[in-house]
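A.B. asks: Read off the chains here:
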Amino acid sequence: MTYYTFAFYAFAAIILLSAYAVVTSKNVIYSAFSLMLTFFGVAGFYALLGADFIAIVQLIVYVGGILTLMLFGVMLTNKITETEIKTGVFQVLPASIIIGMFSGVLIASISNNRWTVAEKLNNPQNSLVGIGSILMNEYILIFELLGVLLLIALIGAASIARK
Amino acid sequence: MKTPQEIFEILKQKFGESVIGFADNKLLEFAIEIAPLAIAEVGYFLRDDSELLFDNLILLSALDDMTGKKVTEEDGSFRFEGGTLSVIYHIESTSSRHKIVLKVVVPKENAEIESVAYVWNHANWEEREAFDMIGIKFLNHPNMIRILMPYNWDAGYPLRKDYKNPEFYEGMKVPY
Amino acid sequence: MSVLKTEEMILNMGPQHPSTHGVLRLELELDGELIIDVKPHVGYLHRCFEKHCEALTYPQIVPYVDRMDYLAAMYNEFGYAVTVERMLGIQVPERVEYIRVIMGEFQRIASHLVAVGTYGLDIGAFTPFLYCFRDRERILSLFEMTCGARLLYNYIWVGGLSHDLHPDFLRLAKEFLPDFKNTLSELNNLLSYNKIFTERTANVGVLPLDTAINYGVTGPNLRASGLKWDLRKDDPYSIYDKFDFDIPVGQGWYGTVGDCWDRYYLRVLEMEQSVKILEQALVQIPDGNISEAIPKRIKPPEGQIYTRVENPRGELGYFIVSKGGLQPHRVKVHAPSFIHLGLLGELCKGHFVADVIAILGSIDIVLGEVDR
Amino acid sequence: MMIYDFFISIFHNELIAAFLNSIIPVAFIVPFALFAVYLERKVSAHMQDRLGPMRVGAHGWLQSFADILKLLQKEDIVAAKADKKLFNIAPVLTFVGCYAVFAVIPFSSAYIGANLDLGLLYIVAVSGFVVAGILMAGWGSNNKYSLFGAVRSAAQIVSYEIPTTLVIITIIIVTKSLNLYDLSVNQTSNMFNWMIFGGYVEGWHKIALIPFMFIGFIIIYISTLAEVNRTPFDIPEAESELVAGYHTEYSGMKFAMFFLAEYANMFAVSAIVSAIFLGGFQSPFGYLGSTLNLPWLIPIEQFFWFASKGIFFVFVQMWLRWTLPRLRVDQLMAMCWKYLIPIAVVNLLIVALIMVL
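Those protein sequences? They're chains P, L, Y and B, same order as listed. Quick note: the first sequence, position 56, residue 56 per this note's numbering, numbers continuous. Quick note: the second sequence, position 174, residue 174 per this note's numbering, numbers continuous. Quick note: the third sequence, position 308, residue 308 per this note's numbering, numbers continuous. Quick note: the fourth sequence, position 208, residue 208 per this note's numbering, numbers continuous.
FYI, nobody ran anything at the bench for these hints, they're computed from the structure. The beta carbon of each residue, even a glycine, is placed where N, CA and C say it ideally should be. Be aware that a few hints might be false.
To be verified - Cβ-to-Cβ under 7 Å is the rule here; a few derived chain Y residues that face chain B: (1) Leu11; (2) Gly124; (3) Thr127; (4) Lys195; (5) Phe197.
As the list claims (entries may be wrong) - Calculated lysine to any residue pairs in the SDA-like style (CA-CA distance at most 20 Å, straight line): (6) Y:Lys39 <-> B:Lys85; (7) Y:Lys174 <-> Y:Glu272; (8) Y:Lys195 <-> B:Ile218; (9) Y:Lys349 <-> B:Asp330; (10) L:Lys99 <-> Y:Asn214; (11) B:Lys144 <-> Y:Glu8; (12) P:Lys26 <-> B:Ile89; (13) Y:Lys51 <-> L:Asn165; (14) L:Lys137 <-> L:Glu81; (15) B:Lys176 <-> P:Ser133; (16) B:Lys85 <-> P:Tyr20; (17) Y:Lys228 <-> L:His98; (18) L:Lys161 <-> Y:Leu56; (19) Y:Lys181 <-> B:Gln48; (20) B:Lys176 <-> P:Leu128; (21) B:Lys176 <-> B:Lys144; (22) B:Lys85 <-> P:Ser25; (23) B:Lys85 <-> P:Val23; (24) Y:Lys51 <-> L:Asp162; (25) Y:Lys323 <-> L:Asp162; (26) B:Lys144 <-> Y:Leu326; (27) B:Lys42 <-> B:Ser308; (28) Y:Lys195 <-> B:Ile89; (29) P:Lys26 <-> P:Ala95; (30) L:Lys99 <-> Y:Arg25; (31) B:Lys144 <-> P:Ser133; (32) Y:Lys323 <-> L:Lys14.
Unchecked claim - Partial chain Y-side listing against chain B, Cβ under 8 Å, derived: (33) Met9; (34) His17; (35) Pro18; (36) Glu33; (37) Phe126; (38) Tyr131; (39) Phe352.
All chains should be modelled from the sequences, with the hints used to inform the complete structure.
C.D. replies: Given below as structure tokens:
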């Protein structure tokens, strides 16, 4: 077993265990912190795949941004320390039906797919330059549109928060 | 600037019966005695009248006059039956620079005085202290609870002359 | 859009908290970081001073008054001595009056140094605090040299003093004053005019003059709100009429009149005025016997008296009722800190949590005096 | 030759070499923290006209060791109603976040933990763990002061990351590289090749860049100061209002962990600032090793310069701490959003314009 596969299985274990904890934990705060580990594991996967820029963006956006926002939300909206923040199991039957359908679709698509392994990239280190030039040349319109979309979201959030 | 006598005349004219008279006074101070339930009204007048403008309550002090009949118990401790408590208001005007002393005397058994906390905000805490220490109840006070002693102190009012230390406080022996 | 339901958070500040200046508990009602209400809970240091007084003779009370405002113990004694002397009708020798004024003004400087230094500490500046304490130590050494104690002196007695001055006292005191002026300018450059400091304190906790008077605020806090009211000039006692000094008032230098910066800076200006008084007193002090007016037995006539002096924190008044015995019938103290603390809730509303500290520091309370 | 290659040549095993390579920063951080604690005490003492520690060792130089001994002996208190799991993990997570930053800091031309191309971005990324650790500590302590401190701290770090990142982008425009090692290597030969003097750009661009580089330097220094919660931005642990912020409830070794993380962080941001703007490990004057023709001396000299620059900025942080009062939380946010970010954006645009022309 090479170090690479060892690292892969280690990250996979982190993702699976922490994702399981996210879903099953009764305490929302625990779920949030487990989610941080999941994000970390996913970032590790990206790094193993040579997509270091994606890995780092994953950390910046999800751990630094979204997770912090979630923690803030949980910590500030509850009356602090006096009520336990718990989740429960509700609507078991409808949920299991939907989950069953979805997993059926997923299993079918996975088993019917012909998996191919991509060729190893020559220089996975310099992904940033590639991403930059693609974004700024081929996909410039989409990139700018995304920027506008985010700006609209930002203005909307600010105007809602002001009320 | 007005002398206490002049202010007394003004008050007497305005409030009549409620202004009882010059309390007996010695040493430097001329106290005007006011009826317990009229003090707030007098206070508003003193504060707002354009000639008087007593805007500053310097000090509100309560005391046990020790005028009742002294009854000695078997164990040597004593208490006073009847008697009076009094509250003394030192007020002055920061603009006209005159000052007077008001005095209110109430019987110990039913010690109730109109609060002046809305006239001079300063009286808010001073009245709480007077309640805490001497046990005078101020009517219409915004927050008439103990201030210096514990909120659940039930051994009486410490500055009364016949106050006795409790034997226990919250299960602890006093003095420990 | 529906209104979101929010709940207030109750935060207990104290009794053990680094910046409540003693054992004070503040119950803060918060909406996020904004203050909705502040409820001070006092009494953790309550010793029933007034009850003790009823069981002690008049001279025995002197050491007890030290323990009220322990940062200005000299002035507490000064006020008490003046009160009882007025009851008895004693005239004290001129040298005693001079020594009392010297001690009183040194005490005012020492007390204001603590106020100003700890105020810097509350805002987060540690260094000015130690500069202030360095100079305060020199004043305390002068006191120690005079009466053997650094904090609670039992020095000013009814009718006189416990000791005369140490032979070196005048020389060392005169040496101290120029050094102290340097400290003041250093303090001003380091703290008073610091941009962050003025941002933190200007326009914070504004106390309008009518509110101040209505709440019975006195001393530097009242003067910072703009009223020229100093008992040393307005209700003279001792020999303050012999000295030439000004009464600084708040002018809203960096913001509104009566904000935290004004209250802070007024103390700095008052220290300058104290230096001015000291410079005159240390030169003019006459020789004489300091103990000739001390009565053997103090038994004031029946009656009541209220006398007030300008303590570093405000108007310190003693209301003494005598029934003609050796012990007072009732002693009630007009404690400036107690009154100023009653104002805190009013000042803090609508400010941030951090401002509570700034406001509490600027009104300069001593818990020993609040609880007595 | 990199130290990593040296380890491989000895052990012939990548794993052992990587492990040894990764613990080298520990060998730096721990002595540095001991030294920095001592320095902090002495700096504050001399600024305040007093002597500071004088009893333990000559001039108190052993004071930090005595502190460590004390912290080791302390009872490890966990508050009864604290969330034990989070409470115990939080200091570790915070320290891990700080330590991870050291992976991309070039200590000398012979040592960098991981020569990442995205080094600068990586630093921004891992600081998210510090935020999470602080929030965890605040929540786990079950104390309102801790929570207040944690929320303030997190808000502060997240806000001040924006001007930091903007300045970093400005640098990327000039250098076209995010690699801290390359950045440091390229600022060589003399101090006018340092980024603060326009870097290794040629021609009139270099002159034009200098003022904007200075602005960028000041912005990044202020915002990194805020990110490590030092005065005047120490609001999260403002002792006069929030007691000790998120580490109020911690004692003993867990407290020491936060303490170590704080000092490690102080050095890390100083090192980053000096690596970006002040040539990192480069000497301002040239190397003794090249003059004497002793190539092995150069990396050691470089480490000396790197440590000196880092410690100098740590000293400046201390200097500021013992001089300035503390901002209020809304003033802190106003400073970030109303001043630093707009200035950084304008600075970025101007630099971009200069580089395009």
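A.B. asks: Each hint needs a verdict: does it hold in this structure or not?
C.D. replies: We went through each hint and held it up to the structure:
Hint on Leu11 (chain Y) holds. Least Cβ distance to chain B is approximately 5 Å, under the 7 Å limit. Among the interface hints, the one on Gly124 (chain Y) holds; its C-beta lies about 3 Å from the nearest C-beta in chain B, closer than the 7 Å criterion. Because the smallest distance between the Cβ of Thr127 (chain Y) and any Cβ of chain B comes to about 5 Å, under 7 Å, the interface hint for this residue holds. At a threshold of 7 Å, the smallest CB-CB gap from Lys195 (chain Y) to chain B is about 9 Å, leaving the interface hint violated.
The beta carbon of Phe197 (chain Y) is positioned within 7 Å of a beta carbon in chain B (closest approach about 5 Å), and the interface hint is therefore held. For a cut-off of 20 Å, the pair hint linking Lys39 (chain Y) to Lys85 (chain B) is broken: about 35 Å separates their Cα positions. Distance check on the hinted pair: Lys174 (chain Y) and Glu272 (chain Y) sit about 15 Å apart at the alpha-carbon level, within 20 Å; holds. Distance hint between Lys195 (chain Y) and Ile218 (chain B) is fulfilled; the C-alpha atoms sit about 18 Å from each other, no more than 20 Å.
Distance restraint check for Lys349 (chain Y) and Asp330 (chain B): the Cα-Cα separation of roughly 16 Å lies within the 20 Å cut-off, and the hinted pair is therefore satisfied. The suggested pairing of Lys99 (chain L) with Asn214 (chain Y) holds, with an alpha-carbon distance near 15 Å, which does not exceed 20 Å. A C-alpha spacing of about 13 Å is found between Lys144 (chain B) and Glu8 (chain Y), which places the hinted pair at or below 20 Å, so the restraint holds. Annotation: proposed proximity of Lys26 (chain P) to Ile89 (chain B) holds, straight-line Cα distance about 19 Å (limit 20 Å).
A hinted pair counts as satisfied when its Cα atoms are at most 20 Å apart, and Lys51 (chain Y) with Asn165 (chain L) qualifies at roughly 12 Å. Taking the CA atoms of Lys137 (chain L) and Glu81 (chain L), the gap is near 19 Å; set against the 20 Å cutoff, the hint holds. At most 20 Å may separate the alpha-carbon atoms for a hinted pair to count; Lys176 (chain B) and Ser133 (chain P) meet this at roughly 13 Å. As the CA atoms of Lys85 (chain B) and Tyr20 (chain P) are separated by approximately 17 Å, the hinted pair is consistent with the 20 Å bound.
Straight-line distance between C-alpha atoms of Lys228 (chain Y) and His98 (chain L) comes to about 16 Å, which keeps the hinted pair within the 20 Å bound. The hinted pair formed by Lys161 (chain L) and Leu56 (chain Y) meets the criterion: a straight-line CA distance of about 14 Å does not exceed 20 Å. In summary, the hint linking Lys181 (chain Y) to Gln48 (chain B) is supported, as the alpha carbons are separated by about 18 Å, within the 20 Å threshold. Note on Lys176 (chain B) and Leu128 (chain P): the hinted pairing holds, with a Cα-Cα distance of about 11 Å set against a maximum of 20 Å.
Between Lys176 (chain B) and Lys144 (chain B) the CA atoms are separated by roughly 46 Å; this puts the pair beyond 20 Å, and the hint is violated. Among the hinted pairs, Lys85 (chain B) with Ser25 (chain P) is consistent with the structure: their alpha-carbon atoms are about 13 Å apart, no more than 20 Å. The hinted pair formed by Lys85 (chain B) and Val23 (chain P) meets the criterion: a straight-line CA distance of about 18 Å does not exceed 20 Å. Annotation: proposed proximity of Lys51 (chain Y) to Asp162 (chain L) holds, straight-line Cα distance about 12 Å (limit 20 Å).
Restraint check for Lys323 (chain Y) and Asp162 (chain L): satisfied, since their Cα atoms lie roughly 17 Å apart, inside the 20 Å limit. Distance restraint check for Lys144 (chain B) and Leu326 (chain Y): the Cα-Cα separation of roughly 53 Å exceeds the 20 Å cut-off, and the hinted pair is therefore not satisfied. Distance restraint check for Lys42 (chain B) and Ser308 (chain B): the Cα-Cα separation of roughly 18 Å lies within the 20 Å cut-off, and the hinted pair is therefore satisfied. For the hint pairing Lys195 (chain Y) with Ile89 (chain B), the CA-to-CA distance comes to about 40 Å; that exceeds 20 Å, so the pair is violated.
Straight-line distance between C-alpha atoms of Lys26 (chain P) and Ala95 (chain P) comes to about 18 Å, which keeps the hinted pair within the 20 Å bound. A distance of roughly 35 Å separates the Cα atoms of Lys99 (chain L) and Arg25 (chain Y); the hinted pair therefore is violated under the 20 Å criterion. Note on Lys144 (chain B) and Ser133 (chain P): the hinted pairing is violated, with a Cα-Cα distance of about 49 Å set against a maximum of 20 Å. For the hint linking Lys323 (chain Y) to Lys14 (chain L), the alpha-carbon distance of about 33 Å lies beyond 20 Å, and the restraint is violated.
Interface hint at Met9 (chain Y): satisfied, since its Cβ lies 7 Å from the closest Cβ of chain B, which is below the 8 Å cut-off. The closest approach between the C-beta of His17 (chain Y) and any C-beta of chain B is roughly 7 Å, which is under the 8 Å cut-off, so the hint is satisfied. At its closest, the beta carbon of Pro18 (chain Y) sits 5 Å from a beta carbon of chain B; the interface hint therefore holds under the 8 Å criterion. About 6 Å separates the beta-carbon of Glu33 (chain Y) from the nearest beta-carbon of chain B, less than 8 Å, and the hint is met.
Satisfaction of the interface hint for Phe126 (chain Y) is found here, the shortest Cβ-Cβ separation to chain B being roughly 6 Å, below the 8 Å cut-off. For the restraint placing Tyr131 (chain Y) at the interface with chain B, the shortest Cβ-Cβ distance is roughly 7 Å, inside the 8 Å limit, so the hint holds. For Phe352 (chain Y), the suggested interface contact is upheld, since its CB lies about 6 Å from the closest CB of chain B, less than 8 Å.
Hint compliance for this structure: hints 4, 6, 21, 26, 28, 30, 31 and 32 are not met, and every other hint is.
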